[in-house]
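What follows is the residue order along each chain.
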Amino acid sequence: MAKRQYFQILATFLYNPYLGNFLTGRVGRVPGKMACVPGLNCYSCPGAAGACPVGAFQSFLSGVFPRFPFYVLGSLMLFGLLFGRLICGWACPFGFLQEILHHLPGPKLKKNRFTATLARLKYVWSMLFVVLLPLAFWATTGIGIPAFCKFLCPAGTLEGAAPLLLVNASLRGAAGTLTVWKFAVAGFFLLLMIVVWRPFCRWLCPLGALYGLFNRYAALGVQVDAEKCVRCGACARICRMDTALAGDPECISCGDCLKACPTEAVSFRGPSFHPRTEKER
Amino acid sequence: MSREKGIRLVLWSVALTFLAVGLWHGDPRQVFAKAVRVCMECIGIG
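Line by line, the protein sequences give chains A and B.
So the first sequence is residues 0 to 280, counted in numbering that gives the first Met the number 0.
So the second sequence is residues 0 to 45, counted in numbering that gives the first Met the number 0.
Treat the hints as calculated values from the structure; they're not laboratory data.
Misleading hints may appear alongside valid ones.
[Stated by the list, open to error] Some but not every residue of chain B turned toward chain A, in silico, with C-beta under 8 Å:
id	residue
1	W11
2	F17
3	L22
4	V35
5	E40
6	I42
Don't be surprised by glycine CBs; every beta carbon is placed ideally from N, CA and C.
Using the sequences provided together with the hints, build the complete structure.
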């Protein structure tokens, strides 16, 4: 097992340490939920120790009086500036689930122009479902809704709905068409995960979209030494994300490309251990 | 100062300012209130 997978297992447990709540069907009431976790993890997961940043962001744009989500956006920017999409590759439970399911036997779709287009479209879906639709509902009905959580998020269905509905009869009684829709979306993504490497992460995740914008400025993550890079594309060829070059906005800093680079231009950077060259600055 | 360093400095300043304003507004309480209840939208009921 690779070092990165130990981190993913540890992160999944640290995000969800309250395992006993899965038996009681309760959502934890712990102080940690005043803070957002960096990765995608539903706060309605019985074991959750922190708040989902996507859900928390939308909660400020929802309801009767939407407010600018200063605290959540500030937290997300801080995560982005420290780690960029390293979070996706090393500390996201939902990303980890996608990787596990991709190991199951089945046809495998490699990245191509179509998948690269879908990767770019995640910025559109993120903006639409996380920002515009909640505000549009508020403008038209007077009550904003967390549209991404409500209509799309498979993490909420798998981590929240599935365990809660399993043990809570009253919630099961309230299930309806929307529940069926959410499980259909989650089921679709579960099957897609077998065929495609991290499909939700690459094509739909709002956190991946936001953190990707910070990759260039993050304190930690994969970097390319511009003086050594010969633009051979070896890093992009070995990468299963829709990257064109190591360290670009699609890069999750998994490190798979480090050994593939013939000129050793790709490395992990830290603020003090791997200072960047003058040319890169 | 290089352009990249300048952008990084601006982003850090904005992030910390947003955090400070959010804390001053009491945003963590709102995050907590949402996170400790079952999110009906998340589980496909609300």
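Hints and how they fare:
1. W11: Holds: closest Cβ of chain A sits about 6 Å from W11 (chain B), inside 8 Å.
2. F17: It holds, given that the least Cβ distance between F17 (chain B) and chain A is near 3 Å, below 8 Å.
3. L22: holds, 6 Å
4. V35: V35 (chain B) check passes; min Cβ-Cβ to chain A is 4 Å, inside 8 Å.
5. E40: holds, 4 Å
6. I42: Holds, because the Cβ-Cβ distance from I42 (chain B) to chain A comes to roughly 4 Å (cut-off 8 Å).
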